[in-house]
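Based on the provided sequences and hints, a complete structural model is requested.
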Amino acid sequence: MLILARRIGESIMIGDQVELTVVDIKGDQVKLGINAPSQVKVYRREVYAAIQEENRAAASAAPQTLPSLQGLMGRNPPAAPGGISPAGKPPAPPAAPGGTSPKKDPPAR
Amino acid sequence: MKVLTKPYGEMEIAEAQRIRFPRGLFGFEDLRDFALLDAAQQPFYWLQSMERVEVAFVLIDPLFFRPDYSPDVDPGELEEIGVTRGEDRLVFAIVTIPENSSLMTANLQGPLILNRRTREGRQSISSNPRWGVRHVILDELSRSKQGASC
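Chains as they are written, first to last, in my numbering: chain A, 8 to 116; chain B, 1401 to 1550.
None of these hints come from the bench; they were simulated from the model.
Note that the structure is a prediction, hence the values are computed from the model and not measured.
The C-beta atom is built at its ideal place from N, Cα and C for all residues, glycine as well.
One or more hints might be untrue.
Derived contacts from chain A toward chain B, CB cut-off under 8 Å, selection only [as the list claims (entries may be wrong)]:
hint : residue
1    : 18
2    : 24
3    : 27
4    : 28
5    : 40
6    : 42
7    : 54
8    : 57
9    : 58
10   : 64
11   : 65
12   : 66
13   : 73
14   : 79
Covered stretches of chain B (in silico footprint by chain A; criterion: 3 or more residues with CB under 8 Å from a CB of chain A, positions within the stretch not fixed) [what the hints assert, rightly or not]:
hint : region
15   : 1423 to 1436
16   : 1456 to 1468
17   : 1502 to 1516
18   : 1536 to 1545
Encoded structure:
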């Protein structure tokens, strides 16, 4: 790891488009300013790590643990607000996935 | 085409159900090709990796339990998958199912954005601090019902 000492107001460049500036230091907290092109994503590392971890936990779900919300709630859940599935779509049997909206769309021309 | 799926074994997948994630998902950057299936249990969907059968995600439309949800992702990220019009955009949240399935949670901080026209997708990170990675779906549902009755 490259380690550089910087004072308040000083910067480092990462490549020629990303500039990282030490804006303020208070106790053990450092405020950083970041100038980067919009296609460079900047996240707090823990946010990124939390999503990675959640994906891993989600991916390992056993299919038989998936309940129906109706069953869990003991009554009919509210109708899904429009958007992803055609209104009134009946539950599709597992062997015939039919209702996902990408399928319903005409092919892009 | 025939695809081996984690929830339903081998099944026929239509071309229109295939979704490509050019950058994969966080933690699964090497997996690009997925199929979107209806789950037998509504209102869920499965996002099945076509490259690794054991990787399959349960998805839900976040508006189902959070009518006020908006992913608040960077417009540049939408452009990356060619979403320029609202009607091309589909938003899903990944569901995590713990041992006690009534505590299942949805990740609203890392929504999946799909372009329904090009069938490309990406996982984004919401810039809205309201959204976390673990929203308990049943809690949110009962809360939104209370809200609606007020």
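Checked hints:
With 8 Å as the threshold, the beta carbon of residue 18/A stays out of range of chain B, its nearest partner Cβ sitting at about 23 Å, so the hint is violated. For residue 24/A, the interface hint is violated, since its Cβ never comes within 8 Å of a Cβ in chain B; the closest pair sits about 14 Å apart. Residue-level restraint check for residue 27/A is violated (minimum Cβ-Cβ distance to chain B is 19 Å; threshold 8 Å). A distance limit of 8 Å between C-beta atoms decides the matter here; for residue 28/A the minimum to chain B is near 21 Å, and the interface restraint is violated.
Residue-level restraint check for residue 40/A is violated (minimum Cβ-Cβ distance to chain B is 17 Å; threshold 8 Å). Annotation: interface hint on residue 42/A violated; nearest CB of chain B at approximately 15 Å, more than 8 Å. Hint status for residue 54/A: holds, given a least beta-carbon distance of 6 Å to chain B, under 8 Å. Given the 8 Å rule on beta carbons, the hint for residue 57/A holds: about 5 Å separates it from the nearest Cβ of chain B.
The criterion of a C-beta within 8 Å of any C-beta in chain B is met by residue 58/A, whose closest approach is roughly 4 Å, and the hint holds. Because the beta carbon of residue 64/A sits about 5 Å from the nearest beta carbon in chain B, less than 8 Å, this interface hint is met. Residue-level restraint check for residue 65/A holds (minimum Cβ-Cβ distance to chain B is 4 Å; threshold 8 Å). Look at residue 66/A: its Cβ gets to within about 5 Å of chain B, closer than 8 Å, so that hint holds up.
Here the hint on residue 73/A is kept, as its CB sits about 5 Å from the closest CB of chain B, short of 8 Å. For the restraint placing residue 79/A at the interface with chain B, the shortest Cβ-Cβ distance is roughly 5 Å, inside the 8 Å limit, so the hint holds. For a cut-off of 8 Å, the count of residues in the region 1423 to 1436 of chain B with a CB near a CB of chain A stands at 5, and the three-residue condition holds. Requiring three or more residues with a Cβ within less than 8 Å of a Cβ of chain A, the coverage given for the region 1456 to 1468 of chain B holds, as 7 such residues are present.
Check on the region 1502 to 1516 of chain B: 7 of its residues sit with their Cβ under 8 Å from a Cβ of chain A, so the three-residue criterion for coverage holds. Given a C-beta distance limit of less than 8 Å, the hint that chain A covers the region 1536 to 1545 of chain B holds, as 5 residues qualify and 3 suffice.
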